[in-house]
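Asks: Chain by chain, the residues run as shown.
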Amino acid sequence: MNSGIPVQYFLILATVMFFTGIYGFLTRRNLITILMSVELILNSVNINFLAFNRYLYPHKLEGMFFSLFIIAVAASEAAVVIAIIINIYRRFTTINVEDVNEMKF
Amino acid sequence: MDILSLFIVIPVLTITAIIFLKDAHQVRLVSAFGMGLQLLMAASLVFLYLAARHAGNSDEMLFVKDYLWFKSLNIHYAVGVDGISVAMITLTSLVVFAGIFASWEVEFLRKEFFVSLILLATGVFGFFISIDLFTMFLFYELAVIPMYLLIGIWGTGPKEYSAMKLTLMLMGGSALILVGLLGIYFNSSPGGSQLTFNILEISKVVIPLPAQRIFFPLTFVGFGVLGALFPFHTWSPDGHASAPTAVSMLHAGVLMKLGGYGAFRVAIFLMPEAAHELSWIFIILTSISVIYGAFGAIAQKDLKYINAYSSVSHCGLVLFAVLMMNQTAMNGAIIQMISHGLMTALFFALIGMLYGRTHTRMINEMGGLMKVIPFLSVCYVIAGLASLGLPGLSGFVAEMTIFVGAFQHPELFYRIVTILAVSSIVITAVYILRVVAILLLGPTTNEHFEHLTDAKWFEKISAITLIGSVAAIGLAPFWLSTMIGTSLHPIIEKILALNPF
Amino acid sequence: MINFSYTIWIPLLPFLMFILLGLAGHKLKPKLSGLLGTGGLGIITVLSYITAFKYFFTSEKVDGAYQKITALNFTWLQFTDKLHIDLGVLLDPISVMMLVVISTVSFMVHIYSLGYMKDEKGFERFFAFLSLFSFSMLGLVLATNIFQMYIFWELVGVSSFLLIGFYYQKPSAVRASKKAFIVTRFADLGFLIGILILSFNTKTFDFITLTNPAGSAIAQGGGIVFLGLSVMTWSMIFVFMGGVGKSAMFPFHIWLPDAMEGPTPVSALIHAATMVVAGVYLVARMFPIYALSAPVALNVVAWVGAFTSLFAAVIACTQTDIKRVLAYSTMSQIGYMMLALGVAGYGGHEGLGYMASMFHLFTHAMFKALLFLGAGAIIHAVHSNYMTEMGGLRKYLPVTHITFLIACLTIAGIPPLSGFFSKDEILAAAFHSNKLLFAIEYAVAGLTAFYMFRLYFSIFWGKDTQYHHTPQEAPATMTVPLIILAVGSVFSGIIPFNKLVTSDGKILESEIELMIAIPSVLIGLLGIGVAYIMYRKESAIPDRLAATFKYGYKWAYNKFYIDELYLFVTKKIIFRYISDPVAWFDRHIVDGTMNTIASVTQNFSFRIRAFQSGQLQKYAFVFITGAIMLAILFIYLWK
Amino acid sequence: MASIMFILFSAMIIVFSILTVTSRKILRAAVYLLFVLVSTSGLYFMLNYQFLAAVQLTLYAGGIVVLIIFSILLTSHISQKFESSGWKKNIFSAIAAITGAILSIITILDYRFSATNEAAKEVNMRLIGKSLLSVDYDGYVLPFEVISVLLLAAMVAAIVVAKKGAPKTIGLPKINQE
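Residue numbers (the numbering used here), protein chains in the order written: chain W, 1 to 105; chain A, 106 to 606; chain C, 607 to 1245; chain Y, 1246 to 1423.
Bound conformation, chain W alone:
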């Protein structure tokens, strides 16, 4: 099914996705959109893992399981982050990341 596509394509795709996530992470102000960017980054990594697993080491399952665990971690991360966001919102009545700078100096 995938015979025609070189592994590099997957990797380039993942890279683009990754840096799009980075860009979002750096530019978005809303904490939730930042979280979305993080999800993008995580996904791009997943793609990489699976591509490597499939193309280079098809007889093993590490990549797949790694992706599986990443998805699980991402899920818990999302849960906690959203709880934090809601808490921050209560405290500062905003979820703009630039206004949340209590940790400065």
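Source of the hints: derived by calculation from the structure; they are not laboratory data.
C-beta atoms are modelled at their ideal positions from N, C-alpha and C, and glycine is treated no differently.
Treat the hints with care, as some may be off.
[Said to hold, decoys possible] Cross-link-like lysine to aspartate or glutamate pairs, in silico, DMTMM-like; alpha carbons within 25 angstroms at most:
| id | chain 1 | residue 1 | chain 2 | residue 2 |
| --- | --- | --- | --- | --- |
| 1 | C | LYS727 | A | GLU552 |
| 2 | C | LYS633 | A | GLU217 |
| 3 | A | LYS406 | C | ASP1197 |
| 4 | C | LYS727 | A | GLU598 |
| 5 | A | LYS264 | C | GLU726 |
| 6 | Y | LYS1408 | W | ASP99 |
| 7 | Y | LYS1270 | W | ASP99 |
| 8 | C | LYS688 | A | GLU598 |
| 9 | C | LYS809 | A | GLU598 |
[As the list claims (entries may be wrong)] Listed next, the stretches of chain Y that the computed footprint assigns to chain W, with coverage defined by at least 3 CB atoms under 8 angstroms from CB atoms of chain W:
| id | segment |
| --- | --- |
| 10 | 1251-1260 |
| 11 | 1269-1283 |
| 12 | 1287-1293 |
| 13 | 1310-1319 |
Place chains A, C and Y on chain W using the hints.
Replies: Leaving out everything else, chains A, C and Y in the frame of chain W:
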């Protein structure tokens, strides 16, 4: 338990006892008891030491004990004393003892005050008994740090500023010392065997000259900061002015001596070649200290500032003499340390007592105190006379030994500088007499002063202890001078053997 | 060899007395402490006389010369193998003579003080200080080595300080004591430097070694030259500087007139008879070195002495405070002694000046103490120091009057009183050495007679002044010392000094040279005559003279403004131009640098803390950029 | 066929990723994210990881995106438009991102990947299940347990953190008014 470690154990036990005391009134009694015991220990140490020497024990250090406590760097807890350290230990215990009585009426956080004070003393004692450079440095830091709390909490005036300044500058000095010590350590074994921090072992090897050239100035300046070497002395006036009485006493009386002692025992003893080569730079700096401190003192109006500058001048003389690198001058340096320690402690104690009564330290706000509080005034005059080098008091012995010793230097430059340094005795006389005349003599200017009370019993103990010691050294310097001289002898031999000048 | 070891008690006894009176004095009754002090001094006087007798008449001479005897010596402080401070007792003609002088005058002053200081507060303190002074002075003259001398020199200075400032609530006394101490201290600096140079070159402090004419010390010193003069000369000039300070020679004389603020017995003891001659004693002690190894320094001594004697005599003619007149007179007379030393040589007839100087020191101690004590009695009676407020006192104070007159005649050099002999010897010595110096001294002799009789006539004759209280003759405790000293002044001239105290210890043949003696008596009589005309009765001549020599008089009256010059130097230069700038420099430059370092660090950290903005995205940006940079670095640049 | 599918999916992923991070409306961004995630699962199918693709769909697309949307609803207006962030920030971030991307891509293209010649394993549910619970060489029971504890902890933490009534709240929640 060896006798030297007792000098650390006793203060530590005293501190522990104070911490567990419930009644604040007992704190000072316990402290006085502990430090009195320490004084007795010091006295018995002197006797033990002299007895051992008399019995023909000619080791460089006596009562040596050595425990390894950090194997990979070969750091030992090593203690040992020679005549110089014995003299310094005696000085310290005298000053601490007097200091406890001088701070008898500290009310605020009394327990913590005495704990910090004794902790400081512990550091000083540890410093003087150590013969392992690292352990020595450890105790040095232990002595410097409580000072921050003591000034910052119990001080007067801009105390936070002064405490911070003092601590930062001394820490800067410590940093230099640490670099110097490590430099010595890594050069301590040119043969490639085990590196060591032990002073005695290092003194047997010759540290390569290029290394000495780097690490001698570092070590010397590092200790010089504590010894009020120009231009690193400015912590001293502010620090002393803000510190509470006992802390000023201990600081000027003992802690500044760590500088001189360290410069002598570490910088010059271990790196004599570089010391000889570079001494002219530091001779210039120290003679500036001597003259400059004295001139600075003339212009001051605050008693503590006057005394702080005077200390700069006198401690400058210590470093000056140490750098002359001959037996007599070094002997004089050690005696000067002791003498200055005692008399400056006396000064600060008296200033504290005067301040407690008049609530001012400005000389022009006081006057005619001799009539009102004769005991304290007479003590002040005696302290002043000791400071300006009156024969019969310790200052004379110290200064004359230094001057005669320094003047034996074979090079003309050093002799001329000595004459400059000698001229400080006149300037000293000027500022001492100025203070005495304004402060004590003349008519009583302020009617509030008419009702001041003279010294209380604990103040008398404090003053008399110190005056007695000053007079004892002044009248019979022979014992002290000989005790120090015999210990200096091997050190000088070493220096001379390396530098046949 | 006679055992002199008991002489240790001579200095030790007053020291013990000082400790006793100083520590326990306030617990004793004042009278008891006074008697204790006086009694102690009495014992010392007896001991001194015994010592003098034994030394001069029973000790063996070698080659007809008195030997220096070290009665006792122990090391007090070891500097090096060769240099050590010893404390001990050295007996030789001059120290024994000084013993007699000091103990006699001191004893008289003690007795006198019992009366004079009777109702003063701090009576026991006064006696404690007097004991301290006696201790120091005796220790000074008995010193076996130059450093012991320096030690006691300093102690003498401090006891003088304490005694001048005895009335410590009087600002002028405090100022005077401070001035005395600091000026002499400055001079002592020279002394100390001199000692250092001397000891560096000779490697010894010991007097006997140093002053041995055949010894190595004297031989060595001439060789090494520094800035054109031999080091020996340098060291001797510096040592002499100490003597100049203590003996109130020009230019360090300014403290002595002010020192008259102290109680009058103190002035008599310290500032007339004993301490101020310490400088003379010092030069005499080191005399062989001066004479044999440092002739230039000896010349300096002579000229300083001559100048001071003239200078002080001129000022003395204009002063009105009787104690100040006496103070300037003291300076003038000490100038004489210095000059005599300065013109002397070592041994033989050359040593005439040395002998004359010591002789004059002896007689001067007697009559000057007498003058001061007499002045004290007058002040005691009149409650004023100013001769303008006195006159006609001969009726009220007969004993004082007679003794004072004797003293005045003595100082004027009228035969057969003692002053005649000693002064004559000095003039003779000067005459044989340097005619110019002789001329100066000759003039001074006339001036001396003039100002002393000016004083005498103004006080005891002159106008009849009305007093608030009729002046009364002093009590016996005060008059008895006056009489004893008067007897001493009259008869001490017959002591054969030429046999006893000479530069090399041998007998010096000298006789009165009529060629010098007669003119000197004549000029003395001339001075007395002029004073008689001007001050016997109230007359307008003095004022007219003063008006004629207006500027000269004004300068002399204001002591040639030397005080002002010093004040200018100390106040303006030391305080304002050295000390204050140093303090400012320290606070602002040195400390300022430290503070600047601190504040720069602080500012820097305030600046860089902006990095810690709390902005998550900035952190992330930096992190990612950094990661990319590193990647570029490691992949492409770091090959 | 496969390449068309790939192009399709990757085009969707890239386009919607960019839309996700640039859209000024937050709910739309969430929806774009959903599209990205769905396309990604398509890629997983292509790579023959059906199980993972399913997980991706359910957990990501179903769970996380719903969670995100809920939180959006709790904290923002749906129609709220973001003010665009500063151009400086955007440009610098873009430069950083593009540089990074280029760097990575160059590296990827430079690198010669070499695959093994081992026979591919058939990934089926049985194998996955066995591996997850196995302690063998290929077993993942430890991470599995760890992840389950983590999930539990995350759940508890989420509840604790988001719980109302923390004592030091500065502003009252104004969700209802909005």
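Asks: For each hint, tell me whether it holds in the structure or not.
Replies: A quick look at each hint next to the structure:
1. C:LYS727 - A:GLU552: Holds - the C-alpha atoms of GLU552 of chain A and LYS727 of chain C are around 21 angstroms apart, at most 25 angstroms.
2. C:LYS633 - A:GLU217: violated (42 angstroms)
3. A:LYS406 - C:ASP1197: Holds. LYS406 of chain A to ASP1197 of chain C sits at ~18 angstroms (cutoff 25 angstroms).
4. C:LYS727 - A:GLU598: Not OK: LYS727 of chain C and GLU598 of chain A at ~58 angstroms, beyond 25 angstroms, violated.
5. A:LYS264 - C:GLU726: violated (47 angstroms)
6. Y:LYS1408 - W:ASP99: holds (22 angstroms)
7. Y:LYS1270 - W:ASP99: holds (20 angstroms)
8. C:LYS688 - A:GLU598: Holds, at about 18 angstroms.
9. C:LYS809 - A:GLU598: Between LYS809 of chain C and GLU598 of chain A the Cα gap is close to 21 angstroms, so the pair holds against 25 angstroms.
10. 1251-1260: Holds, because 4 residues of the segment 1251-1260 of chain Y bring their Cβ atoms closer than 8 angstroms to Cβ atoms of chain W.
11. 1269-1283: holds (count 6)
12. 1287-1293: holds (count 5)
13. 1310-1319: Contact hint for the segment 1310-1319 of chain Y vs chain W: holds, 6 residues under 8 angstroms.
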